[in-house]
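J.: Residue numbers (my numbering), protein chains in the order written: chain A, -3 to 93; chain B, 67 to 211.
Since the hints were derived computationally from the structure, they do not count as laboratory data.
For each residue, glycine too, the CB sits at the ideal point set by N, CA and C.
Mixed in with the good hints there might be a few duds.
[Said to hold, decoys possible] Pair by pair, the computed Cβ-Cβ distance ranges are:
1) B:T86 with A:S70: 52 to 58 Å
2) B:T114 with A:S70: 36 to 42 Å
3) B:I179 with A:G63: 20 to 26 Å
4) B:I102 with A:A2: 42 to 48 Å
5) B:I179 with A:D16: 31 to 37 Å
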Amino acid sequence: MPTIPASDLQEMFSLTELADVALIESVSVLGVFDNEYLDGLDVIGTSPVFTCAASDLYDIVPAVGRGTVATINSVNFTIENIKNDGTGVTTLSLSEV
Amino acid sequence: MTHIRQQIRESLATVISGLTTTGENVYQSRVYPYDILPCLSVYTKEETAEYDSLSFPRSSRRELLLTIEIRAKESTDVDDKIDQISAEVEAAVSADITLGGISKDIQYQGIDIQLEGGTNQPTALGIMNYNIIYRVLETDAEQPA
């Protein structure tokens, strides 16, 4: 799978576009926060995910892993799963602390 | 009067109202997603019947499958929450297995627990099954016989 050029990733995850800031291990990481409606077992909820450039995440916060806390829009989340899609984009599945 | 099945469902809902963990969050036959948790909901979806007398009007022995669904959402240990609630439900239901005289017996059949991790916090559903035995005359399903 081809890697997305760094300049394109920078544009995708820019504050002037749709990006939010996630504070992970006291470091700011730019990415897109999505928290759409999802009900599981007939319980109303949401499905919080944070999508960012893999290079941003691992270069800035090398210790990031499952269980790391990410603060987005003043809400604390635990990183439950990390998905690298092979193009240079990483999606963090989150759960509210 | 109302059908004994309805009386049983409503009586059970009253019995499990006010428990320590779920409080007044008790529903009957709810068909919409839940937003106030933890909660309990009572369903009476299946029933079997057999005659146990010969002369008209015959006596009908009913076995009602009543389910109590427990829903909880917690950042940690949601399974423990289901266990805690089910203990409270079992104690409350077994306190009077006649429900004031409308049932002959209430028998706990077990629980099925499902866990879901795709939402913003781990969610759990515990489905408790009860067999409720009652008897009516075939001409009157609103009075216990």
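J.: A separate judgement is required for each hint: does it hold in the structure or not?
T.: Status of each hint after checking the structure:
Distance hint check: the CB atoms of T86 of chain B and S70 of chain A are about 32 Å apart, inconsistent with the given range 52 to 58 Å. Distance hint for T114 of chain B and S70 of chain A: a CB-CB separation of about 55 Å, inconsistent with the stated range 36 to 42 Å. Checked against the hint of 20 to 26 Å, the pair I179 of chain B and G63 of chain A passes, with Cβ atoms roughly 24 Å apart. Checking the proposed 42 to 48 Å range against I102 of chain B and A2 of chain A shows it holds: the Cβ atoms sit about 47 Å from each other.
Distance hint for I179 of chain B and D16 of chain A: a CB-CB separation of about 36 Å, consistent with the stated range 31 to 37 Å.
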